[in-house]
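Using the sequences and the accompanying hints, generate a full structural model.
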Amino acid sequence: MIRAAAAILRKDLTIEMRTKESVPAMTLFSVTVYVLFHFGLDRDTLDGELASGVLWVTLLLATVIGVSRLFATEREQGGIDALLLAPVDRTALFVAKAAALFLYLVLLEVVAVPVFGLLLLGPDLLAALPELLVILVLADIGLAAVGALVAALAVETRARELVVPLLLLPLVVPLLIGAASASEPLLREGAEPEDLGRFLALLAGYDLVFLLIALAVFDFLLDD
Amino acid sequence: MAPALELDGLERRYGDRVALSGVTVRLEPGRTLAVFGANGAGKTTLLRVLAGLLRPHAGTARVMGCELPGETWKVRGRIGYLGHDPLLYRQLTGRENLTYQSRLYDLEPERVEEALAAVGLERRANEPVRDLSKGMVQRLAAARATLHDPDLLLLDEPRANLDPAAADRLEPLIGRDSGRARVLVTHDVDGGLAEADLAVGLRGGRQAFALPAGELDGARARGLYS
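Chains as they are written, first to last, in my numbering: chain A, -2 to 221; chain B, -3 to 222.
It is worth saying that the hints were derived from the structure and are not from the lab. Quantities reported herein were computed from a predicted structural model and do not represent experimental measurements. Built from N, CA and C at the ideal position, the CB exists for glycine as well. Heads up, some of the hints might be wrong.
[Stated by the list, open to error] Calculated from the model, a selection of chain B residues having no Cβ within reach of chain A, i.e. all distances over 10 Å:
#1 E24
#2 G73
#3 E92
#4 D147
[Said to hold, decoys possible] Chain B stretches covered by chain A per the calculated footprint, using a threshold of three residues with CB under 8 Å from any CB of chain A:
#5 36 to 49
#6 188 to 200
Here it is as structure tokens:
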């Protein structure tokens, strides 16, 4: 299973490097939204709850773009048929797609979070970074698991551009609550983390639940 | 050795529409079944059911002794499918596509070079598939379908887009002399009958006939298209 997942992931990353369809679009979207907030809120800086909300809602909306494109090459070029013909555990496809989405999110955040710090954040981003990185990684794992699951659900639907956000966004509400609540104290001037352990546990629990659900049901999603 | 195919009253529907009904046929290993029928007759549906990509809704289907859909996992990797869609990634090169397939099937890397040589694409193997002609893509698709040395080939108009030389080149891979059991969907009645042991005709999803190829009058097969 790991061998097949690695092959699929390698193929996906090669195609993404050549087509540049997902990560640049997600990044450009996030940067654009931060610029829009910068001017739309008519404030030079944000902190606390507002900063945390703007950061996470933008990242979640950018995730929708990545999820919508996650199975695009398989759908358009018969890749799913080729996978179903091969002696490969279908779970390998989930693992590969979730890993690809996780990497896309990390690449997105490498650009989008510093841009957020520069354009909108009042307090020093560097001071919050160690804890924020842990929150980002835990949130990315959850987003990757749910995103790959939703992408597989939507792949054979005609209105997949509608189905992806309609399914994904409600499912990530608990993740948004955990990530935004954990980040909020970190994005306050001179603030210390509050209840960080509790919110990290919430994120880790969310990740575990959705990884287990995805591993349990993914095989059936691709069934005729 | 189990028959390559044993179908009895095979049926497949899309919603309320019956796409395939009453298909009954038995094909021995190494033999060729030609499938004739007009567009929409159910030929591609039959191939996709046999490939395990679609579930049969009634009747029984055994492929190399394994009952579908329950034992589909047992025959994965023993079937080569060459359909209308080449199942290749346009952004990847021919070599990358076959290397990807070889990893899925856990094959040695040398197998990729052998397959490229067999279809005469060694010199174009590092070009993206989107830059290849349709004939070359079809040759590459044939290499993909036979990369893992399958026991059963499911072929949907396999010589489409091929010039005579390219078609000859693919004969050892997908032709009668490949030694593999084959299900060959074709509109070329005379050509199909010449290389088949059995022939099945489909009309509107229903089996119109299933006969040894030598006993089938070509005019009867051509009648499916009228």
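Structure-based check of each hint:
1. For E24 (chain B), the condition that its CB be more than 10 Å from all CB atoms of chain A holds, with the nearest at approximately 23 Å.
2. The beta carbon of G73 (chain B) sits about 3 Å from the closest Cβ of chain A, which is not more than 10 Å, so the claim that it is off the interface is violated.
3. Its beta-carbon lying about 7 Å from the closest one in chain A, E92 (chain B) breaks the requirement of being farther than 10 Å from that chain.
4. D147 (chain B), annotated as away from the interface, keeps every beta carbon of chain A farther than 10 Å; the closest lies near 13 Å.
5. Counting residues of the region 36 to 49 of chain B whose CB lies closer than 8 Å to any CB of chain A gives 3, which reaches the minimum of 3, so the coverage claim holds.
6. Here the region 188 to 200 of chain B counts 0 residues with a CB under 8 Å from a CB of chain A, which misses the bar of 3, and the coverage is violated.
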